[in-house]
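Student: Chains as they are written, first to last, in our numbering: chain A, 1 to 315; chain B, 1 to 315.
Don't read these hints as lab results, they were simulated from the structure.
In this text the structure is predicted, and so the values were computed from the model without any measurement.
Even glycine gets a Cβ: it sits at the ideal position worked out from N, Cα and C.
A hint or two may mislead.
Pairs of lysine-lysine residues, derived as DSSO-like cross-links and limited to a Cα-Cα distance of at most 30 angstroms, are as follows [claimed, not checked]:
no., chain 1, residue 1, chain 2, residue 2
1, B, K265, B, K307
2, A, K108, B, K102
3, B, K131, B, K206
4, B, K182, A, K171
In silico negatives: residues of chain A with every beta carbon more than 10 angstroms from chain B [what the hints assert, rightly or not]:
no., residue
5, T38
6, E109
7, E274
Number of protein chains: 2
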Amino acid sequence: MSKLAVIALGGNAIIRGDERGTIQQQNKNSTDTFEHLTYLLKEGYNMVLTHGNGPQVGNILLRNDAGEEIYDIPQMPLDICVADSQGGMGYMLEKMLKNVLKCEGINKEIVTIITQVVVSKDDPAFSNYTKRVGKLYDKKRADALSANKGWVFKKSSKRKNAWRRVVPSPKPIAIMNEDIIKKLADSGIIVIAVGGGGVPVYYDDKGMLKALEAVIDKDAASSLLGSNIGADEFYLLTDVPYVYKNFGTDKQEILEFLTKAEINKLIKEKAFGEGNMLPKVKSALRFVENGGAKSVITDASNLENKKYGTRITLL
Amino acid sequence: MSKLAVIALGGNAIIRGDERGTIQQQNKNSTDTFEHLTYLLKEGYNMVLTHGNGPQVGNILLRNDAGEEIYDIPQMPLDICVADSQGGMGYMLEKMLKNVLKCEGINKEIVTIITQVVVSKDDPAFSNYTKRVGKLYDKKRADALSANKGWVFKKSSKRKNAWRRVVPSPKPIAIMNEDIIKKLADSGIIVIAVGGGGVPVYYDDKGMLKALEAVIDKDAASSLLGSNIGADEFYLLTDVPYVYKNFGTDKQEILEFLTKAEINKLIKEKAFGEGNMLPKVKSALRFVENGGAKSVITDASNLENKKYGTRITLL
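Bound-form chain A, shown alone:
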């Protein structure tokens, strides 16, 4: 039986650094990334691709706001915006990957599954909103949106008299349709799923599925999906080849291997960037804790060169 790999594409695999994020840029970056991944297919791996959606859903939220302002079009809630981004990005990734495979003479089907991810209404995230989304507002407009839509705002740390919407980032507890994703992937079809961490939903007291205004960390959702579908390997692709200790300081140190004990020590020392490397390291560790054989954090080109970046292990 073929090995199954879950590969989580970071934001910069699709929109890089200061790019505006035109479709031409997104097409090119995705193609570059995929060219590094085909070796896994040539080695016979089955594959599930997941991806972030930060800049894309950010733009969708701004367009929502602008559409209401200019044309009085009703805004869609955050869950619909996330699902929109899964559709648009899934299609784009599917098409670009199909073309890369064609050039490499690899004949594989690719399918994008819109993915809901179940969270708990009692998640502590709902009493501590942390994730900043959408545009900057002045106080008056923020207060009005807060009153009209129940949105929660935090003061911007970067700009004076500017407020930004914050939403909770609850822990994923179940991936809808994971059995279908597993079946498709095990049959050799490349599956694109859990885009942007998945559309967050919960079950109410009557067992009804309800929407939530929240975002789920894509690495956490990808790790859970990987465990639940029995993936062998989990690759978290980002814009650096390794995890580093004291990243960006003159004490910066490459970490080629990271055990659970070392990770816990380094977390206590606050050695990882909170908004970036910390959730990756945690998700990578959780995958091996749940029985996965291999967790790796690296960039796409290192993955291909088999330097393999930072390998996270239990012992």
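Place chain B on chain A using the hints.
Tutor: Chain B only, in chain A's frame:
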């Protein structure tokens, strides 16, 4: 083996008449529609759902325009907007149907597949743009967009000095991932696919998949999908219980059965609305021509009451 039905939801199954299309309205209308469809599941049918996206993708296009105007966010091309709408609507439909099934005690999986539909670059539609999309512009802005983005405009028939973008509506010739859709549906999973007629793509001379600025008629794409996956029955749900001859005139006449010969005669007499009933009748006919057992045009409540609306037959 269970019978397989393809059900194409018309726009009004989701946003009705003069509604603004808030998410609350879309949730409610979808739920109402689905409550009429559960009887098919109780009778043991397998099911593929397809849907229009007119108002939704229209709003996405307006938001794109507004987002560029206010925040200078790059606009996404039409194919990405269609794929976005497949994601957002697919998720919404999936969730509302899941809840209707829960209330009815029906335990079925539902999955949304982002669907590309292949068209021919040589389709005559590319020399006769017919489908109006997006907002009204004045001449100056239309000329600028025409020069910058290559958009084609036609003068509005409704408003003076107003121009609207037109795009081609080519014929669908292949549905990507139709084998996957068939396998899932035959295994009893409800599949949502071909949203908005599918994302139009074509293969260039090198066999590369390329995007197109076009829209595909959702009934034509649904009919083709139904034929290709060997569906037994094809239901085109709209806002009237029957197809009528001379609809809306005092000579209006219910058509309970329509044969191929009658359809061709009535098409010559221009008895069907060009933008609405004509493509439905043609798509329903094509399904039985391709070997499908049953094609019906009706509204959701008549479907449940088994009046079955207008049945299209070969003879």
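Student: What hints, given by number in increasing order, does this structure fail?
Tutor: 2, 4, 6
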